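Number of protein chains: 2
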Amino acid sequence: MKIALAQINTSVGDIEGNTKKIIEIIQKAKFLKIDIIAFPELAITGYPPLDLLYNDEFIESNLNALNEIIKNTEDITVIVGFVEGKNDNKLKVGYNAAALINNKNLIGVQHKTLLPTYDVFDEARYFYSSKENYVFEINKLKIGLQVCEDLWDNNYENKITKKLKEKGAELIFNINASPFYKEKILERQNLLKKQSNENNIPIFYVNQVGAQDELVFDGNSLIINEKGNFVAEGKKFEEDLLIFDLDNLNNDIKVSNYEDKDLLDALILGVRDYFKKSGFKKAVLGLSGGIDSSLTACISVEALGKENVIGVSMPSRYSSQHSRDDAKELADNLEIEYLVIPIGKTFDSMKETLKDEFFGLKEDITEENLQARIRGNILMALSNKFDYLVLSTGNKTELALGYCTLYGDMSGGLSVISDLSKNEVYNLAKLYNKIKGKEIIPKSSIEKIPSAELREDQFDPFDYSRISPLVDEIIENRRNKEELLEKGYQEKEINDILNKIKNAEYKRKQAAPGIKVTKKAFGIGRKMPIVNNFKY
Amino acid sequence: MKIALAQINTSVGDIEGNTKKIIEIIQKAKFLKIDIIAFPELAITGYPPLDLLYNDEFIESNLNALNEIIKNTEDITVIVGFVEGKNDNKLKVGYNAAALINNKNLIGVQHKTLLPTYDVFDEARYFYSSKENYVFEINKLKIGLQVCEDLWDNNYENKITKKLKEKGAELIFNINASPFYKEKILERQNLLKKQSNENNIPIFYVNQVGAQDELVFDGNSLIINEKGNFVAEGKKFEEDLLIFDLDNLNNDIKVSNYEDKDLLDALILGVRDYFKKSGFKKAVLGLSGGIDSSLTACISVEALGKENVIGVSMPSRYSSQHSRDDAKELADNLEIEYLVIPIGKTFDSMKETLKDEFFGLKEDITEENLQARIRGNILMALSNKFDYLVLSTGNKTELALGYCTLYGDMSGGLSVISDLSKNEVYNLAKLYNKIKGKEIIPKSSIEKIPSAELREDQFDPFDYSRISPLVDEIIENRRNKEELLEKGYQEKEINDILNKIKNAEYKRKQAAPGIKVTKKAFGIGRKMPIVNNFKY
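Quick mapping for you: the protein sequence lines, in order, are chains R and G.
Heads up, the final residue of the first sequence is numbered 536 in our numbering, and it's a clean run with no missing numbers.
Heads up, the final residue of the second sequence is numbered 536 in our numbering, and it's a clean run with no missing numbers.
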């Protein structure tokens with residue numbers, strides 16, 4: 001018996017396009033004499049559909065699509081994710097469901113049982129939980145269906161895999177839309193090993209691939225036998241049709257581990273899909289000569305092609321010659337269009353405009369922000385005039401500390417590296433050069449002391465070697481003060497950073513969406529009050 | 001027996017301050033010989049605490065606060081909302097709970113059973129649902145406790161009020177943090193009538209008052225007898241201690257209906273509390289002479305006092321004399337500080353800066369946005385220099401259609417009228433003048449054709465009398481196309497507006513938080529994908 005896992009890249013809302021893709025792959029699978037083919041969670045609607053689910057036409061269109069797919073299943077078994085429900089202004093819409101289709105018949109529907117409602121997930125908002133878990137018979141094979149979280153039952157009382165095995169399932173299909181983060185690849189492998197081994201059952205795990213807003217799905221579908229040995233693996237970060245003959249279930253292959261390059265690939269896919277799926281072609285970004293904008297430019301070039309990235313240097317009187325040189329050198333190395341648009345005159349004009357109001361007052365952060373906002377305005381003007389999308393270049397450490405200007409350098413349609421700590425930015429910059437086999441990112445960009453260059457002799461007021469991991473401990477690892485003290489941080493420094501993080505919440509609420517690559521990113525998965533009077 | 005409902009204004013995270021307030025009111029209640037006093041849902045932590053719940057110290061501090069409160073309950077019974085749980089990195093934190101305390105003893109704890117997970121609510125993210133509903137005996141009176149949604153059981157199978165009655169409850173306390181929207185006042189009254197009458201039981205409904213980020217809580221606590229007649233009502237939009245003698249349970253009073261003034265009061269409270277709780281004193285906003293900024297200025301003056309509002313006119317060559325006059329007149333009428341900061345020179349300088357890039361191209365929306373963003377930059381500069389908070393002045397209809405400039409007029413720490421449709425803005429402007437007994441907002445601001453004045457002879461390209469309610473039908477009433485056609489809208493116009501709404505999603509994702517006053521506001525309660533390829 002031949003089984004295929006269709007690791008596809010769908011687009012949220014594009015029910016027509018997703019369905020067309022699904023049917024084409026079914027045709028191909030029939031040609032390849034596949035017996036059973038499984039598609040990802042909510043493959044028809046794209047994941048996550050969010051409040052589109054409240055739209056009558058959306059739900060109906062998804063049900064019509066399912067019927068179209070059913071018509072195309074002569075002599076093949078298909079498992080595909082869809083929404084079973086209706087928008088009747090009740091609290092919830094219905095079920096996140098897997099359809100089991102065989103030879104033009106809908107054999108059964110399994111609703112998702114465990115609904116993730118943490119971090120970026122919001123499924124209890126839309127869906128009811130299944131009360132039943134069924135075992136279906138297809139070609140004399142007893143199979144159980146799971147949707148994503150149903151496999152991740154560690155923190156739930158209801159153990160779905162165990163239940164399915166007890167009901168006689170000989171094999172489990174688990175259909176997913178499981179977003180990437182650094183630790184996920186290993187967590188997923190460990191979970192599959194545990195579940196298959198403990199329950200003595202093979203698991204066919206199919207994940208979607210592609211990016212949607214802040215989320216990147218890495219694919220990397222997996223098949224594991226009842227002994228907990230992997231027998232097949234799908235590609236990472238690209239579409240794949242993973243075909244497997246059940247006769248080979250005794251195989252034992254080595255699957256790929258997480259490597260830092262995955263992080264680069266995730267960001268590249270994040271940028272590429274954001275542009276492709278939102279209809280943009282070209283990106284524009286400010287190039288300061290610093291490490292953040294340099295890495296962002298490299299990722300964008302990989303994602304969009306060098307002909308589609310425009311780098312803009314916007315020097316002021318505070319810009320050092322080495323910064324201008326580094327920016328130019330990077331643009332040359334990447335062979336991208338490079339503009340130089342000085343901001344000095346507009347800055348002077350703005351100060352002149354405000355001179356009565358600011359009479360007698362010293363220059364301060366106001367004038368620094370003015371410059372950052374003039375730069376933001378220039379990038380947005382290029383965006384408006386030429387239909388470019390502005391990429392924001394801030395990193396996670398800065399964003400945590402509020403060391404960034406709202407409506408200034410925070411401007412943009414997409415924030416590429418906002419989930420990379422400053423240390424991670426350095427790592428990836430070096431890795432990028434290494435992969436390319438030459439210094440695309442100039443050595444001086446990597447080695448110089450970071451500076452915003454918004455006034456004379458300014459340098460970033462943080463020791464990033466210390467603060468960058470501290471921020472990660474707080475945000476990603478949710479360490480409390482006691483644990484941070486144990487790790488060797490000083491109380492004063494901890495309180496200072498906690499307060500900085502709290503006080504910058506209002507900025508992050510207005511930040512561009514950023515590509516999530518860690519367990520806990522700023523963005524939709526972190527919901528902090530802006531007005532927050534908790535004293536740390 | 002004397003019962004009190006303490007309709008208090010807490011602050012999210014300020015466990016110390018909230019606890020101090022609770023204990024002071026308990027002392028007062030003891031002095032007034034109150035037998036039982038009830039405080040709102042999560043009164044100790046403030047509502048909604050959101051991801052602060054993931055903080056160990058936060059949960060612990062809230063439990064310590066409960067113990068402090070318990071110590072202060074000699075000879076009185078206290079019902080108060082708190083979090084029972086701990087942050088142990090499991091999926092959820094614990095329970096949204098009501099403590100029943102009598103004479104320094106914790107008599108019992110009732111966990112919330114129905115967890116709202118729709119619109120702005122996210123409670124399944126943090127809390128488990130109670131499996132039990134208890135009846136407690138206090139002073140020979142059998143009482144049931146409910147937390148907020150437990151009363152709103154229409155869309156749930158589990159009917160808590162009925163269950164409590166069946167278990168012998170003679171009276172129910174329902175503690176709330178129930179946010180305001182226009183229809184809520186009537187919905188709440190109807191629900192209380194239905195539940196008390198059907199289940200033949202009096203209900204003591206205590207709501208918190210005050211604003212938190214986007215949410216406004218109106219207070220308006222209510223007591224209703226077992227016949228469904230109201231017997232007492234708390235104030236709207238201010239703190240209140242509602243004292244009621246059980247002997248008067250046969251009363252029948254007329255409670256206040258919704259009136260348009262409530263909408264103004266909600267916005268005023270929203271602005272006032274945002275400033276007070278985030279430590280800001282003064283507001284700055286652009287005054288264009290148009291209706292939106294005029295109404296925003298009036299609301300701010302009511303919220304903060306005329307000495308704390310600074311209006312800024314930022315004329316360009318496209319600004320009409322009547323607009324400048326109207327802005328000045330409004331500022332004079334409100335007696336607020338008024339600055340005139342022309343943007344012409346900076347606009348010229350910016351165009352000069354971009355002249356090589358834009359060579360040979362016609363002026364278009366780019367130059368319009370440039371102006372809006374220069375204005376945003378000026379307001380932010382004033383904010384940075386003088387610690388003012390910028391108020392954004394856009395309305396809901398504009399925000400829906402994307403007729404607003406990101407980083408331009410959308411700039412601000414708080415968006416005051418972003419949940420008012422254009423028509424509602426007109427209504428409230430007229431109402432404000434009526435309440436004041438004079439034309440604070442100039443007649444011409446109300447009567448002239450709306451214009452952004454960003455180019456020659458520009459007027460808003462919408463017939464707001466038609467489009468403003470159409471947007472409301474789509475967003476607030478979730479009407480589908482068929483229903484809109486039935487209401488007399490044209491297919492072309494419907495599709496156009498649906499697409500405009502979809503295409504402006506990316507702007508709204510970066511908008512300032514806006515004060516919610518309708519069933520469905522843009523903001524935390526509406527979660528749409530940005531990349532969205534659904535074809536309407």
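Heads up, some of the hints might be wrong.
Since copy identity is lost for identical chains, a pair holds within one copy or between any two.
Under the rule of at most 20 Å between Cα atoms (straight-line distance), these lysine to any residue pairs were calculated in the SDA-like manner [as the list claims (entries may be wrong)]:
#1 Lys351 x Ile341
#2 Lys193 x Lys227
#3 Lys21 x Ile365
#4 Lys167 x Asp35
#5 Lys167 x Lys355
The hints are simulated quantities; they were obtained by calculation from the structure and are not laboratory data.
Predicted, not measured: the structure shown is a model, and the values here were computed from it.
**Asked** Hint numbers the structure violates, sorted upward?
**Response** Result: hints 3, 4 and 5 break, sorted rising.
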